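Trainee: Listed below, chain by chain, are the residues.
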Amino acid sequence: MTETSQDLLSGGIMETGSGLRARDFSIPELVAASLERIASIGHLNSFIDVYADEAMKVANHHQGLLDAGYVFGPLHGIPIALKDNIDIAGKRTTAGSALLADNIAKQDATLTAALKRAGAVIVGKNNLHEFAWGGTTINATYGNARNPWNPEHSPAGSSGGSGAAVATRAVFASIGTDTGGSIRIPSSFNGVTGIRPSIGRVSNSGVFPLAWSLDTAGPLAKSAVDCAIVLQAIAGHDPNDRQSARALVPDLYEQIDLPLRGARLGLIEDYSRKAVQPDVRDAFDAATATFERLGAVIVPIRLSDLEALMDAMIIIDAAEPSAIHAPWLRERAVDYGADVRAQLEAGFVFSAVDYVQAQRYRAHICHQFTEAFGLVDAILTPTIAYTAPRIGQLDVEIDGTMKNILANNMQFTSLASLTGLPAMSVPVGFDSSGLPIGLQIIGPALGEDQVLRIGAGLQASLDCYRKAPPGF
Amino acid sequence: MKGENATEALMSHLSRADLDATDLAPTTLELALEWDGRARKVRELVESRIAPARGPATIFIPCSRGI
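Heads up: the protein sequence lines correspond to chains S and X, in order. All residue numbers for the first sequence refer to numbering that gives the first Met the number 0, where the first residue is 0 and numbers rise by one. All residue numbers for the second sequence refer to numbering that gives the first Met the number 0, where the first residue is 0 and numbers rise by one.
Simulated from the structure, these hints should not be mistaken for laboratory data. You may find that some hints are simply not true.
In the DMTMM-like style, the derived pairs of lysine to aspartate or glutamate whose C-alpha atoms are separated by at most 20 angstroms in a straight line are [claimed, not checked]:
1. K273(S) to D398(S)
2. K402(S) to E33(X)
3. K273(S) to D304(S)
4. K40(X) to E306(S)
5. K273(S) to D394(S)
6. K402(S) to E29(X)
7. K115(S) to D66(S)
8. K40(X) to E7(X)
9. K466(S) to D6(S)
10. K402(S) to D430(S)
11. K40(X) to D304(S)
12. K466(S) to D430(S)
These stretches of chain S come out as covered by chain X in the derived footprint (C-beta under 8 angstroms, 3 or more residues) [what the hints assert, rightly or not]:
13. 328-334
14. 344-355
15. 359-367
No experiment lies behind these values; they were computed from the predicted model shown. Built from N, CA and C at the ideal position, the CB exists for glycine as well.
With the rest of the complex left out, here is chain S (with noise of 0.2 angstroms):
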């Protein structure tokens, strides 16, 4: 890569685009270096689809109007992804599935528009486990995504192109799309920033569903700063989507840098510490003893029978994608991937009592948060127990214990996905590999900016968040 490509492609969001609107640089400028990144990075398999000439077009386009004095905001120009999960009018939407490799949009999704109207470029589409349902993005149709920092290893699920994407440099942003952790577990292995937001807060109206009541999209990016520049664009109420939220949608970006001292963190007593890796928790206690250096304070919060989180989770994420999938199922079960296919046939094994008594537990957990958010600013837990293990690696040792991945990757992010709360990944640190590690913020129903603020607060003293992989 060019050592302008590099120079290019290293800032933040606002910086990026205060160059762009001072002529230190170009919108086709940009929008190259973005491209020759990809081109790059081909060895990882971030990417199903590259529109290289279309984001040619597109921003020559943008850099006329900004010649003539049109100023979309601070997104204009700014090289961005979508996972592959979300439609673009006139291009294939594949979920990461061979049922759908020749599936072209008619439209946009509502998320999709938004991003066009504040002026980004969309230069590709993101790989990603087949359907979002699993956290690997081993992938037989469109290749295995790797990670960036080290590419025998996984860059995880199931937005795992868009983890490692934004990790290389390669765009400023993907829009990714989180059910039990689909942003935030690829953030924290690829070592970038990522939230999910409340449900409802961003249009799902064009985006491939995997389990309805609990999908989200939302940014992946370098910063909770520029996270919140993103997620400004996309979010708002939207009539085409039934569980859109009403509630206005504030200025996410302008007390982004409010000062930390006073803020109440929670700490889940008997959770947030336990059954984590050696190196996972020496990074968790070590932001978390940065955050009260900020001033802010740890408060120790008690919730009960989260014995069977992960459980209620997986009925729920289980149970509502077989639904979706059973008409194809039906014709087309050999098109599937074995390992998703597995999980669709599987979710047939829970009864209708199987599936009220899982969301009865969700609403005895929802309850205890919304308790819990009367003492305290956010929730603090590690992201995931453990760094990204292997391509193919089915257990990690944890405590001494050898542990099934796909049965232990939620136990923190179904905290969220379960309650439908705000939570984002910041990273936070490194293992003895020089693989990252995040730390998971939840905030209360629709408080997406105090979740941002708190991670831009910490990044604002913890600069890890800045490091990008070996050669990028």
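Given chain S's structure and the hints, the job is docking chain X onto it.
Mentor: Okay, now just chain X, sitting in the frame of chain S:
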């Protein structure tokens, strides 16, 4: 016994959905057995601890308008 029940439940539900229960992915049965155990755990916890404490009118309503 539990494994047999889980397999029977899976076959029954697949059949009810007009799906071919004789041609499944290699790991479907193993996964269904594990997930059946998870459903039992949730059921036992809800019935023993949550239901008496919180009463009958507590269910998260999926697809409500926002939160």
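Trainee: All the hints need checking, so say for each whether the structure fits it.
Mentor: Results for each hint:
no.: 1; hint: K273(S) to D398(S); verdict: holds (9 angstroms)
no.: 2; hint: K402(S) to E33(X); verdict: holds (14 angstroms)
no.: 3; hint: K273(S) to D304(S); verdict: holds (15 angstroms)
no.: 4; hint: K40(X) to E306(S); verdict: holds (9 angstroms)
no.: 5; hint: K273(S) to D394(S); verdict: holds (18 angstroms)
no.: 6; hint: K402(S) to E29(X); verdict: holds (17 angstroms)
no.: 7; hint: K115(S) to D66(S); verdict: holds (18 angstroms)
no.: 8; hint: K40(X) to E7(X); verdict: holds (19 angstroms)
no.: 9; hint: K466(S) to D6(S); verdict: holds (14 angstroms)
no.: 10; hint: K402(S) to D430(S); verdict: holds (19 angstroms)
no.: 11; hint: K40(X) to D304(S); verdict: holds (11 angstroms)
no.: 12; hint: K466(S) to D430(S); verdict: holds (14 angstroms)
no.: 13; hint: 328-334; verdict: holds (count 3)
no.: 14; hint: 344-355; verdict: holds (count 10)
no.: 15; hint: 359-367; verdict: holds (count 7)
Of the numbered hints given earlier, the model fails none.
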